[in-house]
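Trainee: In case you want the letters, here they are:
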Amino acid sequence: MNANHPAIPVPYVDAAQRARAGQLGMWTFLATEVLFFGGLITSYVVMRVTYPAAFAAGSRHLSFAIGTTNTLVLLTSSLTMVWAVALAGAARRRAAIACLVATGILGALFLALKSSEYHDKFVEHLVPGNAFRLPAGDPPALQIFLFLYFALTGLHALHMLVGIALVGWMVVRLGRTPAPPPDNAPELVGLYWHFVDCVWVFLYPLLYLVTPS
Amino acid sequence: MNETARNLRGMVGVFIALAVLLAASAVLSRVLSGSLATATGLAIAGAKMILIGVFFMRLRERPGLIRLAALTGLAWLALLLVLVLADYRTRSWHGRPAEMSDAIAAPPSGNSP
Numbered sequence: 004m005n006a007n008h009p010a011i012p013v014p015y016v017d018a019a020q021r022a023r024a025g026q027l028g029m030w031t032f033l034a035t036e037v038l039f040f041g042g043l044i045t046s047y048v049v050m051r052v053t054y055p056a057a058f059a060a061g062s063r064h065l066s067f068a069i070g071t072t073n074t075l076v077l078l079t080s081s082l083t084m085v086w087a088v089a090l091a092g093a094a095r096r097r098a099a100i101a102c103l104v105a106t107g108i109l110g111a112l113f114l115a116l117k118s119s120e121y122h123d124k125f126v127e128h129l130v131p132g133n134a135f136r137l138p139a140g141d142p143p144a145l146q147i148f149l150f151l152y153f154a155l156t157g158l159h160a161l162h163m164l165v166g167i168a169l170v171g172w173m174v175v176r177l178g179r180t181p182a183p184p185p186d187n188a189p190e191l192v193g194l195y196w197h198f199v200d201c202v203w204v205f206l207y208p209l210l211y212l213v214t215p216s
Numbered sequence: 862m863n864e865t866a867r868n869l870r871g872m873v874g875v876f877i878a879l880a881v882l883l884a885a886s887a888v889l890s891r892v893l894s895g896s897l898a899t900a901t902g903l904a905i906a907g908a909k910m911i912l913i914g915v916f917f918m919r920l921r922e923r924p925g926l927i928r929l930a931a932l933t934g935l936a937w938l939a940l941l942l943v944l945v946l947a948d949y950r951t952r953s954w955h956g957r958p959a960e961m962s963d964a965i966a967a968p969p970s971g972n973s974p
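Chain order of the listed sequences is A and B. With the first letter of the first sequence counted as 1, position 85 gets the number 88 in the numbering used here; the numbers rise by one all the way through. With the first letter of the second sequence counted as 1, position 41 gets the number 902 in the numbering used here; the numbers rise by one all the way through.
Any given hint could be a false lead.
[As the list claims (entries may be wrong)] Covered stretches of chain A (chain B as the covering partner; in silico rule of three or more C-beta atoms under 8 Å from a C-beta of chain B):
| id | region |
| --- | --- |
| 1 | 30 to 38 |
| 2 | 76 to 90 |
[As the list claims (entries may be wrong)] Far from chain B, some chain A residues (derived; all Cβ distances over 12 Å):
| id | residue |
| --- | --- |
| 3 | Lys117 |
| 4 | Tyr121 |
| 5 | Lys124 |
| 6 | Val126 |
| 7 | Ala134 |
| 8 | Leu164 |
| 9 | Val165 |
| 10 | Val174 |
| 11 | Arg176 |
| 12 | Pro181 |
| 13 | Asp186 |
In case anyone wonders, no lab produced these hints; they're calculated from the structure. Quick reminder that beta carbons are idealized off the backbone N, C-alpha and C, glycines included.
Build out the structure end to end from the sequences listed, making use of the hints.
Mentor: Given below as C-alpha cells:
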C-alpha cells in the first residue's frame, strides 16, 4: 500500500506513473511479438522471392471474399475496442461492457470464418503433408505457400483466442460489484487487440492479394 | 462526458478511413499486377497500421519513450529482413530442392494408381 494513494500498490508513486509503466511494459511485449511473427514473415519473404509463381498460384486457392470480410470484421472489432477503452476510462461501465462483448463476438466471427476456410482446404486436400494433392497446373512449391499460410494464420488465430479470453476477463472485471478502482487494464488489453489486428492487416495482402508477376 | 462523446465520434472517422483503405486495397489488387500490386498492397497495409497505431493505440498522445518502444519491434524486423535477404539474394550457389520446383508440374503419364 502507498501512503498517499491507498489504492495504488507499491512501487508506484501515483496512478499516472503506474499507467505509464503498464503502457511501456505492453509496448515492449508487443515489440517481442513483432519478432515472434517476424521469423515466419522472413521465411515468407525468402520463399516468395524464390518461388513467385507458386505464391501467386497459392493465393488463388484462398478465398478473397473470406479474407476481405475478415479484415473488415477485425477493423470493426478494433473500433468497438477503442470505444470500450474510452467508455471504461469515463466510468461508463455498462456501455464499456457492451462494447467489449461486441468486440469478443466479432473476434469469434473472425475465427468462425477462418475455420470455414481451413475446412475447405482440408476437403480440397490442400493441407501440406501426406494427404496433400497438387492440383493440375500448379507448381509443386505450392505446398510451401500453403505451409506458410497455415503457420501464419494459425499463429494469428492463437493470438485471437488469447485476445478473446482477455476481453472476457475485462467483461468480468468491469461487471464486478463493488466496482474495482479504475486503472488502465482495459487500455492494455486494447493495445494487444489492436496489435493482433495490425498483424492481420499485413497478412491480408501477403496471403490473399498475391498476383502473378 | 462531452469529451468522451467527441472521442468516440472521432474514432468512427478513423474507422471509415480504414474501411476505405481496405476497399482500395481489394480493388487495386484486381487491377494491378506483379511487384506494383505487392508494393501497393503493402503501402496500404502500412497506412492502416499507422492509423491504428496513432489513433486507436493512442501513440499520438504518448511520450517519446513509449513511441520509441513501439518502433523497436519494427526496427529489429527491418534489420532481420535486410540481413537475411542480403544473404539469400547474393548466395547464388545454394541449390533448390528438385521436388520443390516453381515451374508447373508435367501432367502425369499413364494412370495413377
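Trainee: For each hint, tell me whether it holds in the structure or not.
Mentor: We went through each hint and held it up to the structure:
no. : hint     : verdict
1   : 30 to 38 : holds (count 8)
2   : 76 to 90 : holds (count 9)
3   : Lys117   : holds (17 Å)
4   : Tyr121   : holds (22 Å)
5   : Lys124   : holds (19 Å)
6   : Val126   : holds (20 Å)
7   : Ala134   : holds (15 Å)
8   : Leu164   : holds (20 Å)
9   : Val165   : holds (17 Å)
10  : Val174   : holds (19 Å)
11  : Arg176   : holds (20 Å)
12  : Pro181   : holds (22 Å)
13  : Asp186   : holds (16 Å)
Hint compliance for this structure: every hint is met.
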